[in-house]
Amino acid sequence: MLIQKASGGVADAFLFRVRKFKSQRMAAYRLVLIRHGESCWNQENRFCGWFDADLSEAGVQEAKRGGQALKDSGFEFDVCYTSVLQRAIRTLWLVLDGIDQMWLPVHRTWRLNERHYGGLTGLNKAETAARHGEAQVKVWRRSYDIPPPPMDAEHDLYSAISQDRRYRDLSKDQLPICESLKDTIARALPFWNEEIVPQIKEGKKVLIAAHGNSLRGIVKHLEDMTDEAIMNLNLPTGIPIVYELDKNLKPIKPMQFLGDEETVRKAMEAVAAQGKAKK
Amino acid sequence: MTTAHRLVIVRHGESSWNQENRFCGWFDADLSEKGLEEARRGGQAIRDAGLKFDICYTSVLKRAIKTLWTILEGTDQMWLPVMRSWRLNERHYGGLTGLNKAETAAKHGEEKVKIWRRSFDIPPPPMDQEHPYYKIISESRRYKGLKEGELPSCESLKDTIARALPFWNEHIVPEIKAGKNVLIAAHGNSLRGIVKHLENMSDAAIMELNLPTGIPIVYELDQDLKPVKPMQFLGDEETVRKAMEAVAAQGKVKK
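Chains A and B, in that order, are what the protein sequence lines are. Residue 147 in my numbering sits at position 147 of the first sequence, with consecutive numbering throughout. For any residue, its number in my numbering is found by taking its place in the second sequence, counting from 1, and adding 1000.
Hints listed in this document are in silico derivations from the structure and should not be mistaken for laboratory results. Among the clues, some could well be false.
Only pairs whose alpha carbons sit at most 16 angstroms apart, straight line, appear in this in silico EDC-like list of lysine to aspartate or glutamate [as the list claims (entries may be wrong)]: (1) B:K1196 x B:D1121; (2) B:K1180 x A:D169; (3) A:K204 x A:E194; (4) A:K205 x A:D246; (5) A:K205 x A:E76; (6) B:K1052 x A:D164; (7) B:K1144 x A:D78; (8) B:K1144 x A:E76; (9) B:K1177 x B:D1054; (10) B:K1114 x B:E1103; (11) B:K1052 x B:D1076; (12) A:K205 x A:E244.
Calculated Cβ distances over 12 angstroms to all of chain A for the following chain B residues [claimed, not checked]: (13) M1001; (14) A1004; (15) R1006; (16) N1018; (17) K1101; (18) K1112; (19) V1113; (20) D1128; (21) N1200; (22) P1227; (23) E1237; (24) A1248.
By construction, the Cβ of each residue, glycine as well, lies at the ideal position given by its N, Cα and C atoms.
Take the sequences, apply the hints, and build the full model.
Written out as structure tokens, the structure is:
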């Protein structure tokens, strides 16, 4: 390319090439997310949140299939992130075992935990409606920033959760007693920005095994989605989600799902249908 | 001397190559079903003793990592931070990697084998590029971060200990001194390095010591990290008794 101080002609041609190249953004980085599968409490349709439920047998199988999908595609990682809840950690372990990369460094953080459902933790759908009324439940379901009632000291799970050793180092301000989706994202993104982004920019291939709502935080941020849009997105479980990012960490194409043809097709259809379903 | 700190170390159990009596070293063999059971029992013993940890260390070999995972799962502490390091790997058996006892004797002669067995500082022959496991081991991505001269092609016990101790001193000791309860899941020879150092044992003495597998080994340390009593084994009465007897008998057996 010959760049000359010129009028018209050469300068225009140069700018045309720059613009064309820009539209063909290259993938500078690749990121893989995986949302854990069915937990024992999912089976019972109970709000889980920060309760440390284990994966059910079905959830274990989902994780194994996710690992298989990554193995089939030959993915190699450099560093992994997960929450301090075992359903995500176990999902990561099963994946690492499946792709023979158990030696990878793993960083666990409460900031990637599932959303804290406060006083609703442990309640199933029927109990929630009975206790709070259908109207209130609808409000919580459709709201981005209205939190559920807090988990107070009388709650059955208060001790098991709020006083657990793993949260010992959290300040009073940091330890939630309930969270809106907005709150969840607000405490997940600092970790993304301070810990994960620098690794990606250093060229490290990152794998994140976490939860529906903490991953929503990352997806919302990556794709610059509205509050409304992210609430309508339910990430598929147990399916590795691949992002190809440019050097500014903007996705160069929509998220891709890894798996056999049928699994991927079903997942894509389910996600596409979400925007249309009225809740 | 009073107990200021507590440390727990676990040597992984039977691997699929142990079953075949092959020198494993840096080959990344998985635990056998039996080795997995050993790890579960180890986890059970820690749970029964009510021990809680703050941080865990292991090698980059899956038989140790899986042992740690099994214990964390069994003690409901999967959320603990885990740090992996090649410096806690098993001793690198160089050219002997993959050979079983008979093959080793056939290839190198009984005399040579005896020398290697009884020597603290004579390494086995190196693993050269023609070795069937050269590529899968020496060129594994997990060793990409090693500096020039750090990646071994073989190790004597002395070499193993020499590369394990810097990790102990730089990473583990500060955590212990900060009051953290540490769990280390590793291999016979890397753990020998830590034990030799803690107990100030001679070269001859550490070569005589075979740590039991799958059994949590508890050290109570004073503020200078000197053990205040002999290592304790955790487990049901019979398991512990057998392990203690096996260790006691080792010094007496002539190899």
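Hint by hint, here is what the structure shows:
{"no.": "1", "hint": "B:K1196 x B:D1121", "in the structure": "holds (15 angstroms)"}
{"no.": "2", "hint": "B:K1180 x A:D169", "in the structure": "holds (13 angstroms)"}
{"no.": "3", "hint": "A:K204 x A:E194", "in the structure": "holds (15 angstroms)"}
{"no.": "4", "hint": "A:K205 x A:D246", "in the structure": "holds (14 angstroms)"}
{"no.": "5", "hint": "A:K205 x A:E76", "in the structure": "holds (7 angstroms)"}
{"no.": "6", "hint": "B:K1052 x A:D164", "in the structure": "holds (12 angstroms)"}
{"no.": "7", "hint": "B:K1144 x A:D78", "in the structure": "holds (11 angstroms)"}
{"no.": "8", "hint": "B:K1144 x A:E76", "in the structure": "holds (13 angstroms)"}
{"no.": "9", "hint": "B:K1177 x B:D1054", "in the structure": "holds (13 angstroms)"}
{"no.": "10", "hint": "B:K1114 x B:E1103", "in the structure": "holds (14 angstroms)"}
{"no.": "11", "hint": "B:K1052 x B:D1076", "in the structure": "holds (10 angstroms)"}
{"no.": "12", "hint": "A:K205 x A:E244", "in the structure": "holds (11 angstroms)"}
{"no.": "13", "hint": "M1001", "in the structure": "holds (28 angstroms)"}
{"no.": "14", "hint": "A1004", "in the structure": "holds (21 angstroms)"}
{"no.": "15", "hint": "R1006", "in the structure": "holds (16 angstroms)"}
{"no.": "16", "hint": "N1018", "in the structure": "holds (18 angstroms)"}
{"no.": "17", "hint": "K1101", "in the structure": "holds (28 angstroms)"}
{"no.": "18", "hint": "K1112", "in the structure": "holds (32 angstroms)"}
{"no.": "19", "hint": "V1113", "in the structure": "holds (31 angstroms)"}
{"no.": "20", "hint": "D1128", "in the structure": "holds (24 angstroms)"}
{"no.": "21", "hint": "N1200", "in the structure": "holds (32 angstroms)"}
{"no.": "22", "hint": "P1227", "in the structure": "holds (26 angstroms)"}
{"no.": "23", "hint": "E1237", "in the structure": "holds (30 angstroms)"}
{"no.": "24", "hint": "A1248", "in the structure": "holds (35 angstroms)"}
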